[in-house]
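**Q** My request is simple: use the sequences and hints to build the entire structure.
So the protein lines, in turn, are chains W and G. Heads up, the first sequence is in the numbering used here, so the first residue is 1 and it goes up one at a time. Heads up, the second sequence is in the numbering used here, so the first residue is 1001 and it goes up one at a time.
You may find that some hints are simply not true.
To be verified - Pair ranges (Cβ atoms, derived):
id: 1; chain 1: G; residue 1: R1123; chain 2: W; residue 2: E6; range: 17 to 27 Å
id: 2; chain 1: W; residue 1: S36; chain 2: G; residue 2: H1009; range: 30 to 40 Å
id: 3; chain 1: G; residue 1: G1099; chain 2: W; residue 2: A118; range: 38 to 48 Å
id: 4; chain 1: G; residue 1: P1059; chain 2: W; residue 2: E33; range: 36 to 46 Å
id: 5; chain 1: W; residue 1: E204; chain 2: G; residue 2: F1016; range: 52 to 62 Å
id: 6; chain 1: W; residue 1: E254; chain 2: G; residue 2: S1081; range: 53 to 63 Å
id: 7; chain 1: G; residue 1: P1014; chain 2: W; residue 2: E254; range: 25 to 35 Å
id: 8; chain 1: G; residue 1: L1078; chain 2: W; residue 2: E204; range: 21 to 31 Å
id: 9; chain 1: G; residue 1: L1078; chain 2: W; residue 2: D284; range: 33 to 43 Å
id: 10; chain 1: G; residue 1: K1058; chain 2: W; residue 2: S138; range: 36 to 46 Å
Don't read these hints as lab results, they were simulated from the structure. All residues carry an ideal CB built from backbone N, CA and C; glycine is no exception.
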Amino acid sequence: MTTLRELVAAGDRRILTGEAPSVDAGTLASFGERISEMARWVDAMNATDNTAAHAHASNVACAIAIAQAGVEPILQVVCRDKNRIACQADIMGAALHDVHNICCLTGDDVTAGDEPEARRVFDLDGPQLIRVATSLASGRYLSGRKIDPAPPLFVGAVENAGAPPLDYRARRAAKKISAGARFLQLQICYHPDRLEAFVGALHEQGLTERAAILPAIVLVRGPRPLAFMDREVPGIDVPAETIARIERADDPAEAAYQLALEQARHALSLPGVRGLHLTDFRHDGSLSRLCTDLDMAPKEERRSDAHRSHIPV
Amino acid sequence: MGFVAFIEHAVKKPVFGCRMCGQCVLHDTGMTCPMTCPKTLRNGPCGGVRENGRCEVKPEMRCVWVKAEERSRTLPLLPASWRGHIDELRQPVDNRLSGTSSWANLLSGRDKESPEGWQQAPREEPAA
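**A** Take a look at the structure:
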């Protein structure tokens, strides 16, 4: 089996990662069903950590469930809910179960969730967490206490190419790469020019050689979720004309799909981009359609293709 | 709070909104205190900065890091060598220093002490 680490090291340009849905109820079987479509396509899947500051089944438990479903998990760790001791415990606990991909996030604030009265932690910030995870991978807890053998962690992070201060975003990504991030999953960006400038700045500095850049694609059913993201999710701006274009279309659901496809093609055309990070809010087969329209085969077929890394995009 | 800390707070609170973290990095962050960020982020803005440059948590406030980044470039009298410091990775806050004088901690070097794992984690060339 080819791991995410191997795909990144091999220079693969068609890496697919995806966001597993958050889990509020059910069993391992029902979770397995919910991720089954995405599981066919992605190389690795994120186990989220209390997304949008709502309590859900834990990141570590979901990462293990993803592995049990036969997909390589990526453990998200967020700084909002846990101090530095608990963040390290998450990572080491997951490593005990052979979960080795770690994605470090600062995290939304508690006020974004349904328990805004909660205490926010942020004992570490995102870049510091990357370095702490890198320290664990090199065989030491933050305190210096030895870990033998060291867990073979593959550390990554996120960045938002589309939020102010725009000129500083590539520098912040550079800081994360210097701290040890080997992949960066980007926030969804509805401004292609911003994504282009961000990736271009990293590529110019040779940083896209040091970390795999994976822009996000979010599949939504129509204009309403776009307007919701624009209004309710800080850091995501959806231009009014983009929303209006979907609204005015004869078939808004189809237009929303075409928007995602257009974004995906644009992102993959940028030098330095190594693949995509997918989120599916449609659950109507659009994810399979998107991958097919991008000329990507299901994961198993892609992996049996020895020349995969040489497929031109 | 000791005498030095008392004076430091009296000077820095009205000007910078000082929170007395005891490990001041104002000079690295365009003279903008990162502890006034609701998430107390010391290494740059989170991904939630609003389109108008305002804070995710307090929409009435300009993002501390939007301000810091701008001021690190434009603030007059800021020594040129300090302007690039904003890109350095700052270590986690030592919560034991809260309420102590960062001036005293600067002189003693206490504010630069970091856990062994932090020091020994593999270092890489920062980006040019």
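**Q** When the hints from earlier in the document are held up against this structure, which numbers fail?
**A** The structure conflicts with hints 2, 3, 5, 7 and 9, although it agrees with all the remaining ones.
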